[in-house]
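**Student:** Residue numbers (our numbering), protein chains in the order written: chain A, 26 to 195; chain B, 26 to 195; chain C, 26 to 195.
Read the hints as simulated data drawn from the structure, not as lab findings.
Small disclaimer: the values here were computed from a predicted structure and weren't measured.
Glycine included, C-beta positions come from ideal geometry on N, C-alpha and C.
Incorrect hints may have been included.
[Said to hold, decoys possible] Here are some, though not all, of the chain B residues that point toward chain C, as calculated from beta-carbon distances under 8 Å: (1) I66; (2) G71; (3) R118; (4) I170; (5) F171.
[As the list claims (entries may be wrong)] Computed Cβ-Cβ distance ranges for the label pairs, DEER-style: (6) A:R87 <-> C:K73: 47 to 55 Å; (7) C:R194 <-> B:V138: 50 to 58 Å; (8) C:P128 <-> A:G78: 52 to 60 Å; (9) A:P92 <-> B:T106: 43 to 51 Å; (10) C:G78 <-> B:V187: 45 to 53 Å.
One letter stands for each residue in the lines below.
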Amino acid sequence: MTTLGDLIEFQEISELKARYVRALDTQDWDLMEVCLAENAIAWFNGGKFTRHGRQAIVQFLREVITPGFVGSHIAVHPELTLTGANTAKGIWRMQEIAYFTEPSPALADMHIVGGEEMRGAGYYHEEYLKEDGSWKLSSIGVVRIFQIIERKPARADIELTVEPARGMRR
Amino acid sequence: MTTLGDLIEFQEISELKARYVRALDTQDWDLMEVCLAENAIAWFNGGKFTRHGRQAIVQFLREVITPGFVGSHIAVHPELTLTGANTAKGIWRMQEIAYFTEPSPALADMHIVGGEEMRGAGYYHEEYLKEDGSWKLSSIGVVRIFQIIERKPARADIELTVEPARGMRR
Amino acid sequence: MTTLGDLIEFQEISELKARYVRALDTQDWDLMEVCLAENAIAWFNGGKFTRHGRQAIVQFLREVITPGFVGSHIAVHPELTLTGANTAKGIWRMQEIAYFTEPSPALADMHIVGGEEMRGAGYYHEEYLKEDGSWKLSSIGVVRIFQIIERKPARADIELTVEPARGMRR
């Protein structure tokens, strides 16, 4: 039932998702803006952090993903469906690993004082809108399977090296 | 040498694999049944756990992947080949992470008493059968590269949060 | 803007990348040779380890990825571009996990004495060349987002099992 036309759209949506996680983990907020539709909705952590509109979402991400947040998010196993001429939806398995090198006021209830490691897995639940020939995220949410926080006393003898360019070529 | 027809079959097999890992980690056994051909064969852990037939495989998975098994399996890097009009085979790199929140009698020789973390990587070795237009797993095996078990004394200062919906929207 | 022809090339480049990581983690150096163009350039660790030519690259990898290096590298989120009739370039998010079961003289400045765990994430930056109908890596580099080394004292109560076949069927 899959058509060749579907494959092209799925490829372009996958490239959008690649840019999204690159924006997140290289902390490239200009790139993040290009990934989001103007009226996008985000509901992270199962809806605990909900934001409406591209600017509010980027502002929220900047508060959480600070320079002291050193992480890698990946999204695999897409299950995508075209829902109209310019709309699509889908889910992706998410896995994240992050190290905190300083306190994180934005994640107050996680009590991040610096030195913690966080790992998690779950699903991205997303909707997409094609505008002027480019797919954008119109809705993005995350529901986790699990999240684990490992705190400092158990993390002796651990050396973390952070590349300032975060994976990009200078 | 790859044809457009190949791309469509590879896409549909990739979607099957996405449903398989979703069934596994959300513990959705009805979905797992739909992923397996009726006469499927499974040989997990390099053949230590071999089961014949869809029902026996699902029964085995239910015994191992209990509510106290909190995990995320991902399969990436497919190397797929069509072997006939309705058959295919392939390998995928597997990575798994799991936390045990209670004892696991089914994994007796791993001595899981609760509190352990398991991580592993390896390859899925698979065969596929297309029935009534849908790809199913007709054979699935795993050979690991490594498996690591980290037990409780080393896992102080660790907080695990499990989402009851395991990544799905309620 | 993506064409069906692009999809076929992207599929074949993705299969090349799958073979590359399989060669790396199963330590199959014959397979690695087939992945590399004769005049390939490699610059690992942001350029610290630079090698010119297929033979020098394979030689370097054999020195680092010894039997005591037990690892899994994955590459996801490709962002690929065709740059000519037989050339392409792209980036992939890299994630690695490795255990050292013995000292590693080749990684002298990491002070690997055996018992360490290394995890990292970053980006592969690659160029490709199509020769006789097959894509090869003509340039491969890695810039990390982070790298973490966890040393032995913190790694008590940990059991590592290595499969001699490293994921392959014997």
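**Student:** Now, for every hint given, state plainly whether the structure supports it.
**Tutor:** To see whether the hints hold, each was checked on the structure:
Given the 8 Å rule on beta carbons, the hint for I66 (chain B) is violated: about 14 Å separates it from the nearest Cβ of chain C. Of the supplied interface hints, the one on G71 (chain B) holds, with its beta-carbon coming within about 7 Å of a beta-carbon of chain C, less than 8 Å. The restraint placing R118 (chain B) at the interface with chain C holds, with a minimum CB-CB distance near 6 Å, inside the 8 Å limit. Proximity of I170 (chain B) to chain C holds as hinted, the smallest CB-CB distance being about 4 Å (cut-off 8 Å).
Satisfaction of the interface hint for F171 (chain B) is found here, the shortest Cβ-Cβ separation to chain C being roughly 5 Å, below the 8 Å cut-off. With their beta carbons about 31 Å apart, R87 (chain A) and K73 (chain C) fall outside the hinted range of 47 to 55 Å. In this structure, R194 (chain C) and V138 (chain B) break the distance hint of 50 to 58 Å, their C-beta atoms being roughly 32 Å apart. The hint said 52 to 60 Å for the Cβ distance between P128 (chain C) and G78 (chain A), and at roughly 55 Å that hint holds.
At about 46 Å, the CB distance of P92 (chain A) to T106 (chain B) agrees with the hint of 43 to 51 Å. Take G78 (chain C) and V187 (chain B): their Cβ atoms lie about 50 Å apart, and the range 45 to 53 Å holds.
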